[in-house]
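Given chain A, work out where chain B should sit, using these hints.
As they're listed, the protein sequences go chains A and B.
No gaps in the numbering here: position 71 of the first sequence is 71 in full-length UniProt numbering, and each next residue is one more.
No gaps in the numbering here: position 417 of the second sequence is 417 in full-length UniProt numbering, and each next residue is one more.
Everything labelled a hint here was simulated from the structure, so no lab data went into it.
Note that beta-carbon positions come from the ideal geometry of N, C-alpha and C, so glycine has one too.
Hints may contain errors.
[To be verified] Below, simulated DSSO-like cross-link-like pairs (lysine-lysine); rule was C-alpha separation at most 30 Å, straight line: (1) B:K796 <-> A:K21; (2) B:K796 <-> B:K659; (3) A:K47 <-> A:K21; (4) B:K608 <-> B:K588; (5) A:K47 <-> B:K608; (6) B:K499 <-> A:K21; (7) A:K47 <-> B:K81; (8) B:K659 <-> B:K714; (9) A:K21 <-> B:K588; (10) A:K47 <-> B:K451; (11) B:K553 <-> A:K21; (12) B:K451 <-> B:K250; (13) B:K608 <-> A:K102; (14) B:K588 <-> A:K47; (15) B:K81 <-> B:K250; (16) B:K672 <-> B:K499; (17) B:K595 <-> A:K47; (18) A:K47 <-> B:K559; (19) A:K47 <-> B:K672; (20) B:K559 <-> A:K21; (21) B:K744 <-> B:K516.
[Said to hold, decoys possible] Partial pick of chain A residues on the chain B-facing surface, computed with a CB cut under 7 Å: (22) H57; (23) G58; (24) T74; (25) K102.
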Amino acid sequence: MSWIDLCAIDDIPLRGARRIKTAQGCVALFRTGDTEVFAAADRCPHKGGPLSEGIVHGQSVTCPLHNMVFDLTTGQARGEAMQIQTHALRIEDGRVLIDGAKLRARSAA
Amino acid sequence: MSTRKLVVIGAGMASGRALEHLFEAAPGQWDVTLFNAEPRGNYNRIMLSPVLSGEKSYGEIVIHDDDWYAQHGVTCRFGEKVLSIDADAKLVEGEKGVVPYDKLLIATGSTPFIVPLPGHDLDGVIAYRDLEDTNRMIDAAATPGARVVVIGGGLLGLEAAAGLRLRGMEVTVVHLMGHLMDRQLDESAGFLLRKSLESRGIDIRCGANSKEILGENGKVRALLLDDGTELSCDLLVMAVGIRPNIALAKEAGLATGRGIHVDGQMITSNADILSVGECIEHDGAVFGLVAPLYDQAKVAAQTLLGTHATFVQKQLSTKLKVTGCDLFSAGDFAEGDGREDIVFRDPGRGIYKRLVIEGHRLIGAVMYGDTADSNWFFGLIRDGTDIDDMRETLIFGPAYQGGASADPLSAVAALPPEAEICGCNGICKGTITDAIAGGATDLGAVRAQTKASASCGTCTGLVEQLLQVTLGDAFQMPAAQPICGCCDLSHEDVRRLIKAQELKSQEAVWQELGWKTRNGCHVCRPAVNFYLLADWPLEYRDDPQSRFVNERKHANIQKDGTFSVVPRMWGGITTPAELRAIADAAEKYAVPTVKVTGGQRIDLLGVKGEDLPGIWADLNAAGLVSGHAYSKGLRTVKTCVGTDHCRFGTQDSTGLGVKLEQILWGSWTPHKVKLAVSGCPRNCAEATCKDVGIVCVDSGYQVGVGGAAGMDVKETERLGDAATEQEAIDLTVAFIQLYRENAKYLDRPYKWVAKVGLDWVKARVVDDLDERARLIAAFDLSQSIYRKDPWAEEAKRAPAFQPVADLTLEAAE
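Excised from the complex, chain A in its bound form (with noise of 0.2 Å):
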């Protein structure tokens, strides 16, 4: 694993979120907690909506197109044949970290 630095924790509103740019389009952090972060496609499989939009509650996200909820620490939506991709993080001194040969791998796939 490799591990790329992102943010600060602080960057991220506490039960918000902020995108990152990444090749294979934009993965959405989910500040669940005070020290939880959770990554997950910013795109809902549904329509298409912006989920680093949504409200965040629990561990969960609430897409703000059409209200489909996902679980942050599966990915599954709730009630819905649907999961959104999502990213192991770690949080380091403040430090939000992606594992980045994960995404490498997956663009190389």
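What follows is chain B alone, placed relative to chain A:
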């Protein structure tokens, strides 16, 4: 027929009523001598509270004046105490001489109970019973900043407290029990009453045990509670209860217990002596309310006239005479086996109603906030009416009884499986019934599985009826829908509790109101966020993370994830310079679509999220601000050109529209709010389908509210007519603030008005000028925080709109 001598001891309301009956039925038959310890005749003791509060004068509460006594030949011996009764010789001895009688009527009433605390005999410790007490309280209240402690949170104590508060005193009520008026109210109603009194500045201490009255130079100084609290006071009022005044009767050898024993004909143990009022004991009961006293008076008069009549104890009801505290209780409302409750709560309006049913009968009722139907309920209790047939609508009162009621369930049951139930999501009946058969046995589950009723929600009732038809008794129709799965409380309950428990943060709401999730969800968070900022504008700050994307981004998200930008055009008025700035911005940011909206402004559609701060900054530079086209808040004020240009215009409709928009912009509301002002009844601004629509006429302004032109189409209803522009503005602002304070989140004004009733709104916004002023002040206070341009604020933090990192290069390595 020869006249006979009647002596009456006590000129109170019971004996006064007995005399009225007597003189009416047999004028001239009785020669009456009336003793009264108080130096006056019969007055309406119940109305002492309004005298105390200053709402009435003593002259207004006199029942029998000097003329009345003279007219009926009553010998008045007022201010003279009766020393003794000689029952054998049939003589009454007053301070100024002896009077013989044929019949004697004892109506000595009751004396207030003084708790024998140390210090109870200090100067400044009084009871609340007669005009003297009342006048002493009024005198004490004349000293600015004077403090009073009232012991007793019952009917009388609270009336005294409220009256003294109205007279400007600092009032503390000390009550032994856990809630106020514990003998008449249950805890819920007691709580509402307490909040109401506290909001008037009365300090209430329940569960407080008095220990000692502290004095200084023989005068009361403070009340000491047994927990060590010292409540300083210049006056201490004891209102803990009354005791029948039986000393005279007892000395005369009459049978007494708690009161003077009487039989059903109001005759004491001596056949020539009758007794009525608070001094008697009948069948083990003593009496403190006026209704049974009047019944006794009637019986006593008939007994004196030789007609047979019998006093029967009846159910009693209670009302509190404190202006603005509307409460009622009757019957037995204790909980118990075999008893069932029907409870109605409308926290926004401060209404609580509870009916207690046993078997097929209503046996008790407690109401707070709306007691209009109390007499009807009281009748049902008193008469023991079988209420089975009207049980479902019983709590809504007499207006909802009778008439054929079509069964909505049969209509739903008759629908074919392919009938569409949910128009938003295109869900038909068969899909829903299949889901129910598959185990979705409540609304939430049906919503999750089929999406039916998950969008606009107008089909919720239909879905619930389908659940009922399909599941039968297994489905329990929810009394009040909880906001969402995160909690068990309805919007109304949450609003009430946020106010009542003074919850000023989301964390406090989640904790205190038992949220089942960590921090709510996309349904409840925006609602709770709004309730908090509407109720606590200074203490609570709007939380962007609890806002739907449009309100967080201050722009409307479009289906492709881009945004639309709508600058405000006050009253639909713009300038060439503004139009030029809009055109420049549209070109600079390659806006694909420029559209004129229905609200008389220009929409720039298809702006990328990261371009928002830039386009806002450019528009700001030309003096344009956010049009809030995205918010649950003031959207637009549509106008016609009015007297400026139109040959039919009656008033300056454009000017009024601009003023309204400048006052109202930036305010958050439960749902979006759209206004319009038309310059004449031709109504070119289409004001009669707006949330607030003003139509100018020659004589002024017709202010209508509760219109709709969306999912429902509805004409406004007239809130009121205003003679001046300022009054039209005041009515509008007060209406919107009332809506902000009371409506359920996502109820447009027309839905809210339909729930609370236009009359209720009018009473507060139009009729009650104090309330109108309070609403306007509350709105202004909130606007001191929120009347600002969010674009200007957001443009400053432009980096937050950009991706926090760009890994496209990393990934390409």
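Hint check:
| no. | hint | in the structure |
| --- | --- | --- |
| 1 | B:K796 <-> A:K21 | holds, 23 Å |
| 2 | B:K796 <-> B:K659 | holds, 28 Å |
| 3 | A:K47 <-> A:K21 | holds, 20 Å |
| 4 | B:K608 <-> B:K588 | holds, 12 Å |
| 5 | A:K47 <-> B:K608 | holds, 17 Å |
| 6 | B:K499 <-> A:K21 | violated, 44 Å |
| 7 | A:K47 <-> B:K81 | violated, 91 Å |
| 8 | B:K659 <-> B:K714 | holds, 26 Å |
| 9 | A:K21 <-> B:K588 | holds, 24 Å |
| 10 | A:K47 <-> B:K451 | holds, 16 Å |
| 11 | B:K553 <-> A:K21 | holds, 19 Å |
| 12 | B:K451 <-> B:K250 | violated, 78 Å |
| 13 | B:K608 <-> A:K102 | holds, 29 Å |
| 14 | B:K588 <-> A:K47 | holds, 29 Å |
| 15 | B:K81 <-> B:K250 | holds, 16 Å |
| 16 | B:K672 <-> B:K499 | holds, 23 Å |
| 17 | B:K595 <-> A:K47 | holds, 24 Å |
| 18 | A:K47 <-> B:K559 | holds, 8 Å |
| 19 | A:K47 <-> B:K672 | holds, 26 Å |
| 20 | B:K559 <-> A:K21 | holds, 21 Å |
| 21 | B:K744 <-> B:K516 | holds, 21 Å |
| 22 | H57 | holds, 5 Å |
| 23 | G58 | holds, 5 Å |
| 24 | T74 | violated, 17 Å |
| 25 | K102 | violated, 10 Å |
Comparing the model with each earlier hint shows violations of hints 6, 7, 12, 24 and 25; every other hint is respected.
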